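Asks: Going down the list, the protein sequences come from chains A and B. Taking the working numbering, the leading residue of the first sequence gets 5, the next gets one more, and so forth. Taking the working numbering, the leading residue of the second sequence gets 8, the next gets one more, and so forth.
The set of hints was computed from the structure by calculation and includes no laboratory data. This structure is a prediction, so every number in the text was calculated from the model and none was measured. Quick reminder that beta carbons are idealized off the backbone N, C-alpha and C, glycines included. Heads up, some of the hints might be wrong.
Said to hold, decoys possible - List of simulated lysine to any residue pairs, SDA-like, C-alpha gap at most 25 Å:
1. B:Lys66 - A:Gly206
2. B:Lys72 - A:Gln24
3. B:Lys66 - A:Pro275
4. A:Lys421 - B:Cys22
5. B:Lys66 - A:Glu397
6. A:Lys421 - B:Ala34
7. B:Lys72 - A:Arg423
8. A:Lys342 - B:Gln44
9. B:Lys72 - A:Pro181
10. A:Lys342 - B:Val45
11. B:Lys72 - A:Asp413
12. B:Lys72 - A:Glu65
13. B:Lys72 - A:Arg40
14. A:Lys421 - B:Ser42
15. B:Lys66 - A:Gly317
16. A:Lys421 - B:Glu71
17. B:Lys72 - A:Gly245
18. A:Lys421 - B:Gln60
19. B:Lys72 - A:Thr276
20. A:Lys421 - B:Gly65
To be verified - Pulled from the structure, derived: some chain A residues nowhere near chain B, Cβ distances all over 10 Å:
21. Val29
22. Asp43
23. Glu53
24. Asn93
25. Arg114
26. Asp232
27. Arg320
28. Ser345
29. Ala417
30. Leu442
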Amino acid sequence: MKTRPAATAPGVLRPIPERQSLCPVCLKTLPAELVRRKDSVFLLRNCPEHGEFSGLIWKGEPDFDAWTRPRDTPPRLPAATTSARGCPNDCGPCPEHRQRACTVLFEITRRCNLNCPVCFASSGGARANDPDAEDIGQRLHRIRSLAGEVVLQFSGGEPTLHPDLPELIRRARALFPAVQLNTNGVLLGQDADLARILVDSGLSWVFLQFDGTQDDIYVKLRGRPLLDVKLEAIRRCREAGLPVVLVPTLAAGVNDKDLGNLLRLGLALSPTVRGLHLQPMTLSGRNLPGRENPDLYLTLPETLQAICAQSEGLVRPEHAFAPCCEHERCSFHFRYRKTPSGRLLPLRGTEDECCSPRFAPDACCSSAGEGGRAEGGSYADPAGADGARRAVEAVRRAWERGETTGVSDAFDAFIAKARSEIFSITCMAFQDCRNVELERLRGCCVFVYAHPDRLIPFCAYNMTSLDGTPLHRTA
Amino acid sequence: MKNESGEIQPGGWICANCGVPLELLPADAIYMGSSFQVDLPRCPACGVTFIPQELAEGKMLEVEKLLEDK
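Chain A extracted, bound-state conformation (with noise of 0.2 Å):
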């Protein structure tokens, strides 16, 4: 396995004890250290069969102390399964999590219409038959009463290409607060009625795997080139006001040079676009020639100046926030207003305000209080006891259609086109098996529903070898 620098030299700083990563090469739990080297932060671990790996996990600004914040202890789903081999192996979730559930996925097919270069599922091909209405019914029922009042995600495979779809979403709308489509948009490109058809079973909104603004990153990723049927889909989507969210698979030297032009395509088809779900590529799954070369993927900070510096002054590394949910490493968001003239106004305010993003000791909102604040402080928006509640309530807010009817008075009218001018910039930073961290497993609100009735942490689902063995998901 090709590493990034070792950490190894001096300037190494405080390695920190009781981590656990994964060995990549086996997936066996091993004892490991971040260390840190100049502006990057490496996870360091030795297997006793396969030797010694150094895996990058932060490289730049925001600092990683700075970003770094005091852990709550949030409530937890209940435990579904015992503790018999040890974190990652015994999901889920087993009695070690620590965190609720905001997001169960829910793969309702193995079959898919693409067969991409880089699929993290391994997607594609024939595969057995879907199960049907009544046994994802049930399933669903099951969910609902694992993980309480999430986002259900529909997923695959395709999962465009299951035939009864919009009776899944319908079952789906009357348990859980919104519903979610992950799909590469091909049939909604294609179809004249689909799009109308998923918005009238209660579809919230549609994920739209949306890799560039130009074809020869499609033709990389995705095996050919797809933009037109992808912009197609998004106009199919606003015919029938279904909210959509472009989301990048980013793949360093492919398309990370093409995030300014997709903030400004988003912003230009907003609001039917309701923002960007920036996806730095994992070594999981079907990945790219060369796959284990470290220059292929990026980091959360990476990322977030990437898209800073691209924006041409819209976005800046200030408006960022940790997340108030799942652990600090594993996202970033922001949110704005955009204005009728084509400026963002980042929500929350300015840096004098006190609920700023930026490091406020003093903060009225702080943790600091409760539970102490990390050495260095930390950015604001601290875990709170309820951070999957809160993080559900913020995705609908922002990328929920506006409710247009029942305008009776001028907060009705204000809420309506103030949802309308609502953007987010959103980026999830998925572990492999070069970068995993068992702490951040362990505190993971977004799962997989895996039959017979358990609840997988979506890292821990898709983890797969450098040689692709997976650690759970099933061929």
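Starting from the known structure of chain A, fit chain B onto it as the hints suggest.
Replies: Only chain B this time, still in chain A's reference frame:
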């Protein structure tokens, strides 16, 4: 405090300072750089504005959440 169409009504409130009944009058709602005009129960003499509890805990809170990303 609402009529059948959902509009806020002044009800039987009387301004404690002026002793006159509140009336439904235009008021400017200003919050974090955004402003809009809305009819609220106000004193026609001194201009004091009454915010009903259901408004404070309902639509006003929703506006705050939208603008603050609470």
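Asks: Could you work out which earlier hints the structure fails to respect and list their numbers in ascending sequence?
Replies: Hints 2, 4, 12, 13, 15 and 29 not satisfied by this model.
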